[in-house]
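Chemist: Using the sequences and the accompanying hints, generate a full structural model.
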Amino acid sequence: MKNLIVSLLVLVALSGMVFAQGGSEESWPNKNINLTVPYNAGGTTDLTARALGNGMSKVLGVTINVVNTPGAGGSAGTLNVQNAKVDGYTMLANGMLAFTTMPINGYTDKTFRDWDIWIATYAPNTIIVPKNSPYNTIQDLIEAIRKNPGKITAGTAGIGSGGHFGAETVKAIAGADYKHITYAGGAAAVTATLSGEVDFCPQLLAEFKDLIIAGEVKALASLAEEDIEIAPGVVIPSILDTYPEAAKFVPMGEVTGILIPKGLDEAKLAKIDAAFQSAVKEKDFLDFCSLKSFTVNPMGRAESQAYLEKFASKACYLMYDAGATTIDPAKFGINR
Amino acid sequence: MTAQYLLNAILTVLTPINLLFLVLSTTAGLMMGVLPGLSATMAIALLTGLTYNFPTQSALIALIGVYVGSISGGCQSAILLNIPGTPASAATALDGFPIAKQGKGGLGIFLATTVSCLGTIISVIFVLTLTPMLTSMALKFASWEFFLLSIFGILICGAITAQGKAVKGWISGILGLLVAMIGLDTVDTFARFSYGNVNMMSGIQLIPVMIGLFGFPEIVKSFKGDGASEIQKLTKFKAREGFKLVGKNIGTIIRSAFIGVGVGIIPGVGEDVGGWLSYWATKSLSSEEEKQTFGTGNPRGVISAETGNNACIGGAIIPVLSLAVPGSAPAAVLLAAFLMHGYRPGPLLMTESPDFVYNVGIYLVFAAIAMWVIALLMAKVTVRVLRMNKKILMPIIYVLCIIGSYLINYNMFDIKVMFAFGIVGMFLSYMDCPPAPFLLGVILGPMADSNLRRALRLSDGSFAPMFQRPICIVFLIVIAAMILSQLGVFRQLKKVNTRRKTA
Numbered sequence: 038m039k040n041l042i043v044s045l046l047v048l049v050a051l052s053g054m055v056f057a058q059g060g061s062e063e064s065w066p067n068k069n070i071n072l073t074v075p076y077n078a079g080g081t082t083d084l085t086a087r088a089l090g091n092g093m094s095k096v097l098g099v100t101i102n103v104v105n106t107p108g109a110g111g112s113a114g115t116l117n118v119q120n121a122k123v124d125g126y127t128m129l130a131n132g133m134l135a136f137t138t139m140p141i142n143g144y145t146d147k148t149f150r151d152w153d154i155w156i157a158t159y160a161p162n163t164i165i166v167p168k169n170s171p172y173n174t175i176q177d178l179i180e181a182i183r184k185n186p187g188k189i190t191a192g193t194a195g196i197g198s199g200g201h202f203g204a205e206t207v208k209a210i211a212g213a214d215y216k217h218i219t220y221a222g223g224a225a226a227v228t229a230t231l232s233g234e235v236d237f238c239p240q241l242l243a244e245f246k247d248l249i250i251a252g253e254v255k256a257l258a259s260l261a262e263e264d265i266e267i268a269p270g271v272v273i274p275s276i277l278d279t280y281p282e283a284a285k286f287v288p289m290g291e292v293t294g295i296l297i298p299k300g301l302d303e304a305k306l307a308k309i310d311a312a313f314q315s316a317v318k319e320k321d322f323l324d325f326c327s328l329k330s331f332t333v334n335p336m337g338r339a340e341s342q343a344y345l346e347k348f349a350s351k352a353c354y355l356m357y358d359a360g361a362t363t364i365d366p367a368k369f370g371i372n373r
Numbered sequence: 148m149t150a151q152y153l154l155n156a157i158l159t160v161l162t163p164i165n166l167l168f169l170v171l172s173t174t175a176g177l178m179m180g181v182l183p184g185l186s187a188t189m190a191i192a193l194l195t196g197l198t199y200n201f202p203t204q205s206a207l208i209a210l211i212g213v214y215v216g217s218i219s220g221g222c223q224s225a226i227l228l229n230i231p232g233t234p235a236s237a238a239t240a241l242d243g244f245p246i247a248k249q250g251k252g253g254l255g256i257f258l259a260t261t262v263s264c265l266g267t268i269i270s271v272i273f274v275l276t277l278t279p280m281l282t283s284m285a286l287k288f289a290s291w292e293f294f295l296l297s298i299f300g301i302l303i304c305g306a307i308t309a310q311g312k313a314v315k316g317w318i319s320g321i322l323g324l325l326v327a328m329i330g331l332d333t334v335d336t337f338a339r340f341s342y343g344n345v346n347m348m349s350g351i352q353l354i355p356v357m358i359g360l361f362g363f364p365e366i367v368k369s370f371k372g373d374g375a376s377e378i379q380k381l382t383k384f385k386a387r388e389g390f391k392l393v394g395k396n397i398g399t400i401i402r403s404a405f406i407g408v409g410v411g412i413i414p415g416v417g418e419d420v421g422g423w424l425s426y427w428a429t430k431s432l433s434s435e436e437e438k439q440t441f442g443t444g445n446p447r448g449v450i451s452a453e454t455g456n457n458a459c460i461g462g463a464i465i466p467v468l469s470l471a472v473p474g475s476a477p478a479a480v481l482l483a484a485f486l487m488h489g490y491r492p493g494p495l496l497m498t499e500s501p502d503f504v505y506n507v508g509i510y511l512v513f514a515a516i517a518m519w520v521i522a523l524l525m526a527k528v529t530v531r532v533l534r535m536n537k538k539i540l541m542p543i544i545y546v547l548c549i550i551g552s553y554l555i556n557y558n559m560f561d562i563k564v565m566f567a568f569g570i571v572g573m574f575l576s577y578m579d580c581p582p583a584p585f586l587l588g589v590i591l592g593p594m595a596d597s598n599l600r601r602a603l604r605l606s607d608g609s610f611a612p613m614f615q616r617p618i619c620i621v622f623l624i625v626i627a628a629m630i631l632s633q634l635g636v637f638r639q640l641k642k643v644n645t646r647r648k649t650a
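In order, the protein sequence lines correspond to chains C and L.
Heads up, my numbering is the position in the first sequence plus 37, with the first residue counted as 1.
Heads up, my numbering is the position in the second sequence plus 147, with the first residue counted as 1.
Think of the hints as simulated: they come from the structure by calculation, not from any bench.
Here the structure is a predicted model, which means the values were calculated and not measured.
Please note that the accuracy of each hint is not assured.
[Claimed, not checked] Residues from chain C that keep clear of chain L, each with C-beta distances beyond 10 Å, as calculated: (1) R183; (2) I218; (3) V333; (4) A367; (5) G370.
[Said to hold, decoys possible] Restricting the straight-line Cα-Cα distance to at most 27 Å, the calculated cross-link-like pairs of lysine-lysine (BS3-like) are: (6) L:K315 / L:K395; (7) L:K527 / L:K315; (8) C:K188 / L:K287; (9) L:K385 / L:K563; (10) C:K255 / L:K315; (11) C:K188 / C:K168; (12) L:K391 / C:K168; (13) L:K563 / C:K122; (14) C:K305 / C:K95; (15) C:K95 / C:K320; (16) L:K287 / C:K216; (17) C:K147 / C:K351; (18) L:K248 / L:K438.
For each residue, glycine too, the CB sits at the ideal point set by N, CA and C.
Modeler: Below, the structure written as structure tokens:
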């Protein structure tokens, strides 16, 4: 009797597995999708991913679970997805600054060309200073850096963070170095700016938008191509207003999107295309983006690849020339 | 105006659907808190996703309920099993477990739960009255202060937990600091001690270390000796005795709540440190005679640790509301949830949605009360684990430990970390080294390391600024005094003095 029950149970379990297998081949998706965010919950990438995932799940008809796997500057979670089975049930949401510079940081040999990518948003870098800072315009700050090379401190979220790219752009414009002070995240860098521990902070606008409106910090310039009005009467000038020669460096900022390693069949990719296009038009997503001062700039797969060729070159060479890495981007076919 | 906002907030909570959310989320939070490995941060992060489509106020109530519940729930496993359910309740185990061993587990949980509730409510009063003033205090903390605070935290934890042998506690703390060095450092993103392994590069996760250090030795211990003698008798718990103890220690509770709020406000330092600091303050302010009883089941130990960690909740929410800078890891996730529901905490909050602060405050109070009722009902069941045969109970705990480690990042590597630190925990317990400073070392290690290096980079390698900042000087004096007193220097001076007088 006992044997019979056991063998019946095994049979049921086995048949369940067989059917589950058969089902997943027929109609994708038929179970929940995991969307990996390689950072902690609550960060900018995480919030963007959740807003996007929620919109996409409405079209795909299954729940999209956000899984946070922070660590190693976002590379741990990215590698998890890269090494997982490509079946459409594992997706990645990432910022392109960290993502496109992974090969030159020695994390992987694969580049953005090995992924299918859908870009959703652009968030510009903005240069802020403490409210009692002696610098009132971007010119004041750039002149100070030129006069005291290596002395003016910039607080960022670390090497390869959005803020680091902003600081490197400032350096390129000034033609003189700054002193890089790194913090455990964007929030910590902003706090240090509020307390006056650093001279300026070149993180993303979304991270301190309200502090600018409230007058807790002064915004000198954004690294976008145009002036940005973040509240009635509160306009952040573009750096091009003062330094038109900076055109080759801007727009600088973080670009965020959804990624899947290449290898998924075209039918499934087309479904994701449709879900993505619908998600970026969702009211909740648009509200979230305007709250954060993100530019919604959706790009399909082909468009994203073309955009990233230029973006990756800019990002990789900025880091390589800054001496932040010794691996030549040319090794991965990323050219200037 | 204020009264109007408060009244509206109360009426919102009292609608049937919101009361249901409050009870469900607080219960869920308590359960996550009780289970080792499921931390407050994770509880809120999970619920943030789930509440995405809820009505805004209901979602806020649910999130705050789960926050208060999970921070408070950790005390039950700390008291009953000597395995803290969350890192925040590690200090509670110190006196809580001995109380349970004496058969008074019910009293231990009653005390911990009641003061958790009181600690939360006192911290709410701070949120509602002093937010702007306290925010400016948080900004006084820069790199040097963070560095000294983390060293101070590890030193006091070492001195408290190693009964009379502070050096052993400090050894344990320094080992923890060394473990925290593994992985990419936050200053230069340089991989240290990672041997090319991607998992090591991400650093050692806190929760598997905690489960290993505390859980493993308890599991192994339960299989040593014969099981029959392990089954403990329970003395019946009388509520009147509990209330009397709480009433007698109202001073301790208020002091611990002050400390908890203060620790909570400082960005990056959270519930775990709040418990230790409050415990230390209570112990050092008590009489010589009473100091001996800490660690052997002194109810004041439980009272101060649990008030301290819960008061951090209000403290940690203060900078979230005023600057959008979270004061602790769970508060960071809460900030994300606020943003998701269309609120923009930060300097514009008071002009854009002035009712929000009052809503949060009132929800916290109701969550604290709900937590108190539910936790005490739960305790009626959980206390029974003391009567269970450890040889049956512990394998269940063991499975929970493995699941808890895995759930952090859905990564098998974390289970291996749990095993490795389980063995480390066994060694520590053989050597009489307390595991708590080790854990705090892992928590505060990155803070000590990166802040010291950042401060030195800002000052071009000079230590001088450390001696020029007022908060730093206070820390330095307290640290020096503690090291000297623990090494017995003061006692010897006294001896020399009295000898001189008699001579």
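Chemist: All hints are to be evaluated individually against the structure, with a verdict given for each.
Modeler: The hints, checked one at a time:
1. R183: It holds; R183 (chain C) is separated from chain L by about 20 Å at its closest Cβ, greater than 10 Å.
2. I218: Answer for I218 (chain C): violated, closest chain L Cβ roughly 6 Å.
3. V333: Holds: least Cβ distance 17 Å, greater than 10 Å.
4. A367: 22 Å, holds
5. G370: 24 Å, holds
6. L:K315 / L:K395: Violated - the C-alpha atoms of K395 (chain L) and K315 (chain L) are around 34 Å apart, more than 27 Å.
7. L:K527 / L:K315: 37 Å, violated
8. C:K188 / L:K287: Between K188 (chain C) and K287 (chain L) the Cα gap is close to 23 Å, so the pair holds against 27 Å.
9. L:K385 / L:K563: 44 Å, violated
10. C:K255 / L:K315: 50 Å, violated
11. C:K188 / C:K168: 20 Å, holds
12. L:K391 / C:K168: 52 Å, violated
13. L:K563 / C:K122: Between K563 (chain L) and K122 (chain C) the Cα gap is close to 23 Å, so the pair holds against 27 Å.
14. C:K305 / C:K95: Between K305 (chain C) and K95 (chain C) the Cα gap is close to 16 Å, so the pair holds against 27 Å.
15. C:K95 / C:K320: 13 Å, holds
16. L:K287 / C:K216: Measuring from Cα to Cα gives roughly 22 Å; hence the hint holds.
17. C:K147 / C:K351: 18 Å, holds
18. L:K248 / L:K438: Holds: K248 (chain L) and K438 (chain L) sit about 20 Å apart, inside 27 Å.
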